[in-house]
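> Each chain, written out:
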Amino acid sequence: MDARRFAALTEAYGSDPRRWPKAEREAAIAYASSETGQAISRNAGALDALLDGYRVPHPGKALHDTILRTADRYVVRRRRQRFWWLGLGLAGIGLAGAVAGLALVTVVTPEVQPDHYVLDANATAFGDAGPDTIEEDL
Amino acid sequence: MSADPDEELVRRVGAGDPAAVQTLVARKLPRILSLAVRMLGDAAEAEDVAQETFVRIWRHASSWRRGNARFDSWIHRVTLNLCYDRLRRRRELVTDDLPDMADPSPLPDAREEPQRIEQALQAIAPRQREAIILVYYQEMSNIEAAATLDISVDALESLLSRGRRALHMILARDGVHD
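So the sequence lines, in the order shown, correspond to chains A and B.
To convert a position in the first sequence, counted from 1, into my numbering, add 793.
To convert a position in the second sequence, counted from 1, into my numbering, add 4.
Excised from the complex, chain A in its bound form (with noise of 0.2 Å):
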């Protein structure tokens, strides 16, 4: 660090060590507590003081509030919203898996076979024995 270096960094960052590049601070601590250093602050130094003085308001509560109430229609609600549409996902889920379950049991399931036989006026022991299969030999 050297008097055209630090006056250089002054100039730029301002008096106060805290606003000086972290890489150079040290050796700029260490070179401000000399007679020219310190020269070199004083000049900064008075900039600063009138930079220090310019405050801004804090933020008020009616922006606050107005800015909480733009979270809830964009965040809020996109999480409500989010909810809703898991909820509608597992209706749908749920749904399609009744119908999934319906469909396999009619096509896996082999036809029901009656287990007992009304036989009628027409039958025999071995099958149908009506006037469509059996011509009367008289």
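Since the hints were derived computationally from the structure, they do not count as laboratory data.
Hints may be right or wrong, so weigh each one.
Unchecked claim - To spell it out: a stretch of chain B is covered by chain A in this simulated footprint if at least three of its residues, at any positions, have a beta carbon under 8 Å from a beta carbon of chain A; those stretches are: (1) 34-44; (2) 52-61; (3) 165-174.
The structure displayed is predicted, hence computed values, not measured ones.
Ideal Cβ placement from N, Cα and C applies to all residues, glycine included.
Starting from the known structure of chain A, arrange chain B on it as the hints suggest.
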């Protein structure tokens, strides 16, 4: 790259956590508003910019991923862009190339010293003004400020030096500064 202190909070905001939303507003609103007020020199316009910045945050929180910049740098960039839109609308800027000279006209009469500082800041070139605001008032390191402005540290230093020199000249001319 060091950890981003806001990353987890932004993730929670993106997930719609109302407590995280409140924390983010409490943490960032004062910084955003002070940046906009000092860039624009107009409290009402600065409040509009702050609201617009938060709308962008809410829109992008769920998809925000840290790239080269921290979340704080990103919101500063968003705020600065919104401020530039308004400065352009005021016809202070007629082209995309920003003037690099201070306004030579004398400052309007302001009785209070802070008002004179405010007016002097408004009179210097916008790029110099934003460099000074980021480093001086937003307390960014030189590396963070350079990343936010998307320039090199050397270029940032040059903007700061020229900006402070311009402020010095304006304030000396108006008898505020030796």
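> Mind taking a look at whether chain A covers the stretch 165-174 of chain B? Criterion is 3 or more residues with CB to CB distance under 8 Å.
holds (count 5)
> Under 8 Å between beta-carbons, do enough residues of the stretch 34-44 of chain B, three at least, approach chain A for the coverage claim to hold?
Check passed, 5 qualifying residues.
> Has the stretch 52-61 of chain B got at least three residues whose CB is nearer than 8 Å to a CB belonging to chain A?
The restraint on the stretch 52-61 of chain B holds, since 4 of its residues have a Cβ under 8 Å from chain A and three suffice.
Checked against the numbered hints above, the structure breaks none of them.
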